[in-house]
Amino acid sequence: MATRRVPLVLLACGSFNPITNQHMRLFELARDHMNGTGQYQVVGGIVSPVSDSYGKQGLVLAKHRIAMAKLALQSSSWITVDEWESQQPDWTETVVTLRHYYGRILKEHERSTGMHNNSSGRAALLASPSPQLKLLCGADFLSTFKVPDLWRDDHVEELVRRFGLVCISRGRLQPEQAVHESDTLSHHRHNIFLVREWVRNEISATEVRRALRRGLSVKYLIPDSVIEYIHQHNLYTEDSERRNEGNVLRPLTKQAQEPV
Amino acid sequence: MEGQSRTKVVLLACGSFNPVTNMHLRMFELARDHLEDTGQYRVVKGIISPVGDGYKKKGLIEACHRLEMARLATENSDWIIVDSWESLQPEWVETNKVVRHHYDELAAEQNDDDVDTVKYSKKRPVSLLSGCPQLMLLCGADVLESFGQPNLWKQEDINEIVSFYGLVCVTRSGSDPHKFIQQSDTLWKYRRNIHIVHEWVTNEISATHVRRALRRSQSVRYLLPDTVVDYIKVHHLYTAESEQKNADVVLAPLQRYTGSN
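Going line by line, the protein sequences match chains A and B. Those letters in the first sequence? Residues 1 to 260, by full-length UniProt numbering. Those letters in the second sequence? Residues 1 to 261, by full-length UniProt numbering.
Since the hints were derived computationally from the structure, they do not count as laboratory data. From a predicted model like this one, the values you see are computed outputs, not experimental measurements. Treat the hints with care, as some may be off.
Said to hold, decoys possible - With beta-carbon atoms standing in for the labels, derived distance ranges: (1) B/Q255 with A/S225: 45 to 55 Å; (2) A/R111 with B/W85: 51 to 61 Å; (3) B/G39 with A/L61: 31 to 41 Å; (4) B/S217 with A/H187: 30 to 40 Å; (5) A/D90 with B/Q183: 52 to 62 Å; (6) A/D239 with B/T7: 29 to 39 Å; (7) B/T7 with A/N35: 51 to 61 Å; (8) B/D248 with A/D32: 24 to 34 Å; (9) B/G54 with A/Q41: 37 to 47 Å; (10) B/G39 with A/H190: 52 to 62 Å.
Unchecked claim - In silico lysine-lysine, DSS-like type, Cα no more than 30 Å apart, as pairs: (11) A/K70 with A/K56; (12) B/K8 with B/K189; (13) A/K219 with B/K233; (14) B/K97 with B/K245; (15) B/K8 with A/K219; (16) B/K45 with B/K8; (17) B/K45 with A/K219; (18) A/K63 with A/K107; (19) A/K70 with A/K219; (20) A/K70 with B/K233; (21) B/K154 with B/K57; (22) B/K233 with B/K58.
Beta carbons are placed, not taken as given, at the ideal position from N, Cα and C, and that holds for glycine.
Start from the sequences, fold in the hints, and give me the full structure.
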């Protein structure tokens, strides 16, 4: 009897300041890879832009970042943008965001298999594997675990043990190295999926913002609809890049306050 | 300085466009930004000229498809167009002849009376006087380096392109166009007609990679415009079979220049 594939949802957290073709590529690459393992069936993707309280320099208002992401993903049949994280009063730890979405996914799953139950009996519920939610990220993300006070140890543990990571390589960054150098990551390496991006495609939002400030073209790096939005609202200027200048990133202050 | 002191430029990109990708399109945008940033030029048009089937490159699918995909890709561009002249020629056409063809067309468009003068002038195109834009060949650094490949180019054709027209070369990581120019006497002599554009974001979306991904049923979304992705799907282009096309045939330039006629 063939084992049923595990339904999988991919969640990408980040600034999306602005969303780029490369962000969307991450999803496509991850989906191909995870489906290719034969164990998973990717059923959805979620883009979750960080809230304004993250305090990162140059971060424009969440409402714009969300609007742009929605425009960019209009043509996608499986990736959606979710505003929950951006609507929270304070910056939300990644693990908390994962827990939130996972709760939602489970509820949805129970609801749909529950309906099966009524019509075709309990067998339907037993055969359908429980869905999983994994965090989708670039290789640079793994190295953030090393930054002092940016992550809580118990959160890193929960992230890789309970959820899992799908990590796309970027440039010359070797994610295998980061996994190797961390005991926690190493211990859960079976739940960390490293995807090689063979085409070097380093479209970073930072570079896009830089180009926009200098009046240079970003066509074909981000969707046309997003470019239009940016021009309409005059986002990404020298002023916008100075936003939060000198501020401490919220995770660093929030986690310092918490009791050990 | 603004306005009339700027030389009008048309950028012409020749290539397989098999298929056209976001990288090809980026090349145009980068080149335009670069030239206009010098203050000396105003880029008025970009032309994509897909090569004819007679080129006989391995994996080259029919020109009609490559043309249509390029058209779909440039639908939303207000300055880049696709030209089918090259692809409609029965035999493969040398690049300098394609450039010459487009130059003649531009000259004819611009000034009917002065066509003869412009066409037969031995000097650099005097755009300011005739109003005819300067035509430059747009390419990646790999094309520049292909000048050094035996029997791929005729020396006099390279000379014509760099001396009479001009080259805009967008770098790709791993290549050093300045070094290459340095090492070639011809290129060095006309280095002022060769504009090197540094790609500030590494963007190596190669058509080869795209074809490979398609053969393996992997996603190429966001590497090409959506309309092109859809077209490829609808027409079932780029399979293991299509990649074998011309596998046992010699590339047209090599055939022509090694005297196998």
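Status of each hint after checking the structure:
1. B/Q255 with A/S225: 45 to 55 Å: Taking Cβ atoms as reference, B/Q255 and A/S225 lie about 46 Å apart, which means the hint holds.
2. A/R111 with B/W85: 51 to 61 Å: 60 Å, holds
3. B/G39 with A/L61: 31 to 41 Å: About 36 Å separates the Cβ atoms of B/G39 and A/L61, which means 31 to 41 Å holds.
4. B/S217 with A/H187: 30 to 40 Å: 34 Å, holds
5. A/D90 with B/Q183: 52 to 62 Å: Holds: the Cβ-Cβ distance is about 59 Å, inside 52 to 62 Å.
6. A/D239 with B/T7: 29 to 39 Å: 35 Å, holds
7. B/T7 with A/N35: 51 to 61 Å: Taking Cβ atoms as reference, B/T7 and A/N35 lie about 52 Å apart, which means the hint holds.
8. B/D248 with A/D32: 24 to 34 Å: At roughly 32 Å between Cβ atoms, A/D32 and B/D248 fall inside 24 to 34 Å, so the hint holds.
9. B/G54 with A/Q41: 37 to 47 Å: 45 Å, holds
10. B/G39 with A/H190: 52 to 62 Å: 58 Å, holds
11. A/K70 with A/K56: Holds, at roughly 21 Å.
12. B/K8 with B/K189: Measuring from Cα to Cα gives roughly 23 Å; hence the hint holds.
13. A/K219 with B/K233: Satisfied, since the Cα-Cα distance of roughly 24 Å is no more than 30 Å.
14. B/K97 with B/K245: Measuring from Cα to Cα gives roughly 26 Å; hence the hint holds.
15. B/K8 with A/K219: Holds - the C-alpha atoms of A/K219 and B/K8 are around 22 Å apart, at most 30 Å.
16. B/K45 with B/K8: 9 Å, holds
17. B/K45 with A/K219: 16 Å, holds
18. A/K63 with A/K107: With a Cα-Cα distance of about 27 Å, the restraint between A/K63 and A/K107 holds, given a limit of 30 Å.
19. A/K70 with A/K219: 18 Å, holds
20. A/K70 with B/K233: Status holds; Cα separation ~24 Å.
21. B/K154 with B/K57: Holds. B/K154 to B/K57 sits at ~18 Å (cutoff 30 Å).
22. B/K233 with B/K58: Roughly 21 Å separates the two Cα atoms, so the pair holds.
Violated hints: none; the structure is consistent with every hint.
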